[in-house]
Structure formats: C-alpha cells, structure tokens
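Protein chains: 2
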Amino acid sequence: MGKRDEPSDFPDNEKSHLLTRRKFIESTVYLSGALAGGALIFPSETVGENASAAIPATTPPASPTLPKPIVPNEVVLAQKDPSMKVLTERPLTANITAEYLNDAITPTNRLFIRNNLLTPDISAAGHTLTIKGLVFKPTTFTLEELKHTFTPVTMQGMLECAGSGRTAFQPLPKGTPWHPTGGFGCPQWTGIRLKDVLAFSGVKTEAVHVAFFGADFGEVPTAPPMVRSIPLSKAMDPHTLIVWAINGEPLPKIHGFPLRMVVPGWVASASVKWLVGIEVLDQPFRGSYMDDSYRIPVSPVTPGTKMPKETVSTEAWPVKSVITSPPQGMKYKLGEKITVSGKAWAGDDDIVKVEVSLDEGATWVKANLDKPTDKYAWTIFYFSFSAPRTGYLTILARAMDSKGNLQPISGIWNPLGYFWNGIPRVGIVIEKS
Amino acid sequence: MGKRDEPSDFPDNEKSHLLTRRKFIESTVYLSGALAGGALIFPSETVGENASAAIPATTPPASPTLPKPIVPNEVVLAQKDPSMKVLTERPLTANITAEYLNDAITPTNRLFIRNNLLTPDISAAGHTLTIKGLVFKPTTFTLEELKHTFTPVTMQGMLECAGSGRTAFQPLPKGTPWHPTGGFGCPQWTGIRLKDVLAFSGVKTEAVHVAFFGADFGEVPTAPPMVRSIPLSKAMDPHTLIVWAINGEPLPKIHGFPLRMVVPGWVASASVKWLVGIEVLDQPFRGSYMDDSYRIPVSPVTPGTKMPKETVSTEAWPVKSVITSPPQGMKYKLGEKITVSGKAWAGDDDIVKVEVSLDEGATWVKANLDKPTDKYAWTIFYFSFSAPRTGYLTILARAMDSKGNLQPISGIWNPLGYFWNGIPRVGIVIEKS
Numbered sequence: 021m022g023k024r025d026e027p028s029d030f031p032d033n034e035k036s037h038l039l040t041r042r043k044f045i046e047s048t049v050y051l052s053g054a055l056a057g058g059a060l061i062f063p064s065e066t067v068g069e070n071a072s073a074a075i076p077a078t079t080p081p082a083s084p085t086l087p088k089p090i091v092p093n094e095v096v097l098a099q100k101d102p103s104m105k106v107l108t109e110r111p112l113t114a115n116i117t118a119e120y121l122n123d124a125i126t127p128t129n130r131l132f133i134r135n136n137l138l139t140p141d142i143s144a145a146g147h148t149l150t151i152k153g154l155v156f157k158p159t160t161f162t163l164e165e166l167k168h169t170f171t172p173v174t175m176q177g178m179l180e181c182a183g184s185g186r187t188a189f190q191p192l193p194k195g196t197p198w199h200p201t202g203g204f205g206c207p208q209w210t211g212i213r214l215k216d217v218l219a220f221s222g223v224k225t226e227a228v229h230v231a232f233f234g235a236d237f238g239e240v241p242t243a244p245p246m247v248r249s250i251p252l253s254k255a256m257d258p259h260t261l262i263v264w265a266i267n268g269e270p271l272p273k274i275h276g277f278p279l280r281m282v283v284p285g286w287v288a289s290a291s292v293k294w295l296v297g298i299e300v301l302d303q304p305f306r307g308s309y310m311d312d313s314y315r316i317p318v319s320p321v322t323p324g325t326k327m328p329k330e331t332v333s334t335e336a337w338p339v340k341s342v343i344t345s346p347p348q349g350m351k352y353k354l355g356e357k358i359t360v361s362g363k364a365w366a367g368d369d370d371i372v373k374v375e376v377s378l379d380e381g382a383t384w385v386k387a388n389l390d391k392p393t394d395k396y397a398w399t400i401f402y403f404s405f406s407a408p409r410t411g412y413l414t415i416l417a418r419a420m421d422s423k424g425n426l427q428p429i430s431g432i433w434n435p436l437g438y439f440w441n442g443i444p445r446v447g448i449v450i451e452k453s
Numbered sequence: 021m022g023k024r025d026e027p028s029d030f031p032d033n034e035k036s037h038l039l040t041r042r043k044f045i046e047s048t049v050y051l052s053g054a055l056a057g058g059a060l061i062f063p064s065e066t067v068g069e070n071a072s073a074a075i076p077a078t079t080p081p082a083s084p085t086l087p088k089p090i091v092p093n094e095v096v097l098a099q100k101d102p103s104m105k106v107l108t109e110r111p112l113t114a115n116i117t118a119e120y121l122n123d124a125i126t127p128t129n130r131l132f133i134r135n136n137l138l139t140p141d142i143s144a145a146g147h148t149l150t151i152k153g154l155v156f157k158p159t160t161f162t163l164e165e166l167k168h169t170f171t172p173v174t175m176q177g178m179l180e181c182a183g184s185g186r187t188a189f190q191p192l193p194k195g196t197p198w199h200p201t202g203g204f205g206c207p208q209w210t211g212i213r214l215k216d217v218l219a220f221s222g223v224k225t226e227a228v229h230v231a232f233f234g235a236d237f238g239e240v241p242t243a244p245p246m247v248r249s250i251p252l253s254k255a256m257d258p259h260t261l262i263v264w265a266i267n268g269e270p271l272p273k274i275h276g277f278p279l280r281m282v283v284p285g286w287v288a289s290a291s292v293k294w295l296v297g298i299e300v301l302d303q304p305f306r307g308s309y310m311d312d313s314y315r316i317p318v319s320p321v322t323p324g325t326k327m328p329k330e331t332v333s334t335e336a337w338p339v340k341s342v343i344t345s346p347p348q349g350m351k352y353k354l355g356e357k358i359t360v361s362g363k364a365w366a367g368d369d370d371i372v373k374v375e376v377s378l379d380e381g382a383t384w385v386k387a388n389l390d391k392p393t394d395k396y397a398w399t400i401f402y403f404s405f406s407a408p409r410t411g412y413l414t415i416l417a418r419a420m421d422s423k424g425n426l427q428p429i430s431g432i433w434n435p436l437g438y439f440w441n442g443i444p445r446v447g448i449v450i451e452k453s
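For the record, the sequence lines run as chains A and Y. For the first sequence, position 273 matches number 293 in the working numbering, and the numbering has no gaps at all. For the second sequence, position 38 matches number 58 in the working numbering, and the numbering has no gaps at all.
None of these hints come from the bench; they were simulated from the model. If you're wondering where the values come from, they're calculated on a predicted model, not measured in any experiment. Don't take every hint at face value.
Copies of the same chain look alike in the list, so a pair counts if it works inside one copy or between any two.
Each computed BS3-like pair below joins lysine-lysine, with the alpha-carbon atoms no more than 25 Å apart [said to hold, decoys possible]:
hint	residue 1	residue 2
1	100	273
2	326	423
3	423	391
4	157	215
5	326	353
6	357	273
7	351	157
8	386	423
9	329	351
10	326	452
With the rest of the complex left out, here is chain A (with noise of 0.2 Å):
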C-alpha cells in the first residue's frame, strides 16, 4: 500500500486510508485564497506531541512555498486572555492554568491552543466538506447545506490535549511543555452529528476507522498533514459533532473556523480543526498523527525509557479532576469559610464521585456535585470547610468514574508523556484572624 502519509490514486481509490490531506484538499473544490506573503511564516514545524520546544523565530524568514494564507501568532493570541502563557511558537501552543478555568463553561478566550502545524486563514465562503471512502453516496457539503441539511445542535464537551499535564511526570517526557493544570477546557459548542451525516452518506459494512483531514498545512510541503481516525463507534456516538461554532459565536480562526470536529472525551486531536474531509476506512488511517504520535505503550514501560514496539493510539482520557478554586497561595483567616471548586472528567465515562483531602490523601471527604447536563461536559465539584489551623495548608482532589476507576496519586509514565492524571494539589496559607 505504499509509504506512509503518500498519497494514492485519489479520489476514486474508495479505500485509500495512505491519502494525504493535501492530495483531499486538491481533490475537493476548495482552493481559496493567494498563496501567502512573506508576511508572517515560521521556517519549521514539529510533529505532533513528541515534538521538542519551540525555537523563538521574532523574525522568521519569509517562504514563498506556502500555498494559503496564514494567520500570524500575534493575531491569535491578541484574542485570547493575558494569562495564556505561550508554550511553543511554532507550532502555536499555549495554556491557562486551573485557576483561570473556574467557569462552568470555558470561555472561548481562554481554551487552550494546540496547534500542529500553522494556523490557516479560510474564508467561510466557497468551504466545503468532503465525505469519501466507504460510503454509498461520496458527498461535497457547502457550509449552508451542512447546517440546512442536518439538524443543528448545542452541547458542552470536554477537549484536551493528549500531552495535558506533561510537566508533572518524571522524568520530564520531551514534547510541548504543558503546565500541570493546563491543556484542557469545556467550551460549548454548536454544530451537527457525525452519525447523521455517516447515515446520510450510508456507511459500507466494511467501516472500521472513520478520519478527519485538516486543512492546515506547515511551511514546508513536506510536513506531514493533520488527519486522525477514529473507531467508527465513536464517529456514531450522538456526542461527536461537526461544529461551526463555540459557545455560540462561529469558531475563531485558531480553533478551527469555519469548521471543525468534537470528539468529547478523547484526545483533542481527534477534534481536527479546519475540517475538509472525513473519509471512512476499513482500518485507522496510516499517518505521522496516527503511527508516530499519539501513541502510548500498550503496556506501561519504566520510567525513562524508550517507546516499546507495542503500542497504541491514544483515545479516551482517564478519569482526572483539577482544582480550580482556591488558586495557589490564596490566603484565609482561621476561622474563614474556604470554598473548594473544581472539575473532573473521565473521557467517555461519567463522574460518580470526587473526594478532597485537607491530610495529603490521609482522609478524604466527599465533595458535592453539580452533575453535567451533557455527558461530555466535565463534572464540578465543591466543598466548603474552616481550616482547623494556621499555616500552609494543601487540598488534594481525586475523582471515581463509573467504571470505579479512582484518579491516582500518579499518572502512568509513557515516553511522549499522555494522559497525566494524577491527583491535583493546591496549597493555600491560613493566617491568625
């Protein structure tokens, strides 16, 4: 079937799952814009999760292979709250720590940033999507036929990058930097359901794996392009959507405008921005984003060590909850009612409990709950107490999914650092009232 990421011969090669994102762009009638300026484009890019620290490029040198337009960092990131903290310039990647994350519903403004590769500049107009592969009825939407055709829905779901909380393992994996508490957020999005647009396009009995293409490109044409698969139970799932917009305003250009996938629970990845194409396969689709990245040993190794030969990629989160309120160091006086707030999620689970622990995890009490009104949103706890003294005091969380998996004290080690669940601590002072 040829080297990875080559395209084949499509589109009439119904099975090519080695297509490539470019060759589908092509394919597809969407050719928009000039071919960018020297204006603002980085030099390289990095690989998906395992890539190394961003190299700070102030002026990057102009590239005339670019074929579309891109939007600069700098416009990005003036959309977004102050304290979003840049983790790697190209690809753009950025965090807000948990104690910026105590709204019920994430503000777009403060969603984190996980690029792969540049960010593209696409007009809505002339946007469409491609659905191929194993379907009975190869289908290309406009945007206004995907929303009239289909019926449109709203629902808060969980997005977070398979490196969310890398920092915390040790040794320190290589890959974006994210802090402890960063990589993650619960906006509100609006779109349709995949399995209506699968239904639509009738899926072949031969379906396993059902992938997205990105229209986002790097700087060199070589770089691999952002598709990710997923099983074709969770395409079906009423929870994954094709969505125009968050917390209803359409998709900043960062997040993925015009278009773009939620696929709750699991590995933002899957949630491919600047949708084009979805195509069904008889197997996951062959690709630096599938084959190289994303992937976890199928059984956990020692710390430290390299990838093992079995391995598999990344899907849903572990059960997981943060603190986000009080933020660190906060300051009470004995005596004072202190307010313990946070989340828990666990990727297609629910959340069935949550315990706080004044004692470094000696003793732990429940927390109350306000369950989510969509499965995919997160869960939010709170918990109110007096301290009994003065001093540093810490406040530890753990939550218990459905299944009765408990968050542990320590996420489970793994060369390129996924999937960091370990219990959240948050140290506050008490001071004499």
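The hints should help you fit chain Y onto chain A, whose structure is shown.
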C-alpha cells in the same frame, strides 16, 4: 546569660546550660591523644542540617589547630558497605538506599553516616562520662564504672537523620541531599539506661531538659560544639540509652566510639556521639544545634519560603514507611509470586497498620506485620501478590501509627527539609511468562 555557645564559669555553676562542649571537655580528665598532624584534616565544616553541599577536598591543607586526632574519611568508609554513597565530605555524610536495608536488624556497615563535625579518634582507655547540672551527685564515670554500676541492656532502636529523604521535597531545601529513602537504620544497641544514671545522680526538681555533649570538634576553634538536649520525660524513657556496642560489637569510631547516646525514634542528632558529658538543665540547651539547625516552623509554611519566627526544635519522627524489597526496576515473570517487604516506624508511637497499593493509591490492601520486640524498633511488613498484567507496575506503601496518623502522600515542606515521610513508591517490571 550571655551569648550562645559561650562558656560560663563551668564547672562550678550548676546552671551552666550555656556551657560549650569544648569547655566541658577541658573540665574533665579527658585529654587523650596528641595534636593531629597534617594527615587528613578538613579546612572547614558546615553546621547542622542546613549545611550546604560538600566541597570535594582531595588534598586538604594541614591545620595545626586541631586539638585531637581524627579518623580520616577513607578509614571510615573502608569499614562501610560499598553501596553506601558519600553525600558530603566535610562534614562526612553518607546514605544507603532502602533496598540495602532489607535486613531485620541494620548491619553496622550499612548504618548511615551523619557527622556535624570531624570524626574524633578517641581511645577507650581513660574515657569518662561526666554527669552534671541539676543533680544532687555530680559524678564522672569511667567506662568500666558505667558498665558495672548500671544494668546493661540490649535493644533494637531506630535512628534517622532529621533531613532523611530531603531530596523528595519540592522545591529542594538546602542541606545534605539525602536520598528519599536514605538516612535511617535500626541496629541493636547495648548500653545502660540514661534514667538509671539520672536516678543514681539524683535529679533536682527544677530539671526540664537533659543535654548531651559530644567530643567531636571542628577544624576551627569557633565551630559550634555538638550539644543537643531532650526533655526530661524522654530522658527518663527506659529506651533512651547510653551505648557502647552496636549489633554485639564495640561502636565503630564513626558511630561514636567509645560511648554515645541513643534516643530512638527521635531525630538522630539527639543521639550525640563520642559522649563525654550529660548536663541536667532547667531549660533547653542554647546552641547552634538547638537554636539554628534541627528546627521546624510551628505551623507549616508555603514551600520555598523562609523560616518564620515561630519555630520548634525537632523531636520525634512522624509516621513513615519504606519499601526495602523488591528493589526499583526488579523484573518478574507474569504469574510469578512477588513479595513486597519494608519497614515502618512512628517516632514515639507504634505502627498499627501498613497498607500496600498496586494502583497508585486508588485501593489499598493490608500488609502482614512482624511486630517489633523492642518498642523503638521498626515494624517489618510484607505482602505477596501476582501481577495482573505485564509492564511497569508501581508499589506504594503507607503506615498508620497508634494515634491514627496515616502516612501522607507528601511530607510537610519546611525550610530545612526535615521529616520527609511521603508515601514510598517502587516500580517493578512484569514480563511475559
């Protein structure tokens, strides 16, 4: 009462708790040995557990000021297990990690080394111990007199440096960089009860603390002497001993030959080595090892901050356990029986329970306990299982003391990095059978 560490008009003033160790020595018949030659003398030392890391000294300059002979580090270390790792050379400190402490009774050559000053080379002949201060009958005993006047006892007892485990704290406090599982041991001691000696001397009603004077000395005359005092109640504990033998043999020179204190369960600095004097006081001794080092804040402080004004001198260790087997990285076949063993202790209290977790603290199973025959010996725990899967597997342990205190996930941070007692973790590898 004058400046710290300054001698008063000893030996006539019975309330002289400001007495220095050097003055104390001079007031006794102990004046053994010639002045040290230039053999292996160290130009400086640091004080207590807030000492900075060692400066390697391969060819230390001679010092004509040393009052007595010392034992060179090479001689000390030649008697030790090769697995013992030197942490600092001036003062000499060395630890051995938990996997070498799997014996029920710690072998002498594996007992940690924690000097605050140099290692004095003292001869048994002519060595005396003077009892002074708030007693009716101040007395100076020879070694033979001590052995024949009082009833010898043999018992096992824990010693642990206050800074043991320090490197597990984040941020790392200054001081001897003890491994998270280094800096403790539980040998068998032979000597006499301090309480018997105090009863012989007759303690006055004003007595509050009992100070121990070591004969060790620094390279410079201004080095603070090694003097620690403990409350009278602890001094009267039948397990607080004046000791001349370890594991059935005379004390090695590094461990206090010919005579030392053993205050089991408490910070090991209370167990003054090279004991030459005991003084009963109406308040805690004032000196560097009481007032500058071996202190913790009254209330816990924010990690990374300075020592607050309100502090207390360190005394009993909090509840703690370590896993001594298997060693980190041990390999097993799937289905093979794995036996975890370790040790637990709790300062002045007893261990009532040790639990083991194979899922990062989500669930805990009770381990079997071998209760210690002596109160201040550690409790041995063991637990057998077969691994449920291949790959890396972590084993955690936590102990509970007779007051109901359960070992915390993380120790309470303090500026000098004392009392680390966080839950230990050992990782093993399960291979296909």
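Inset, instruction - Against the structure, test the hints numbered earlier, and report the numbers of the ones violated in rising order. - result: Violated hints: 2, 6 and 7; rest satisfied.
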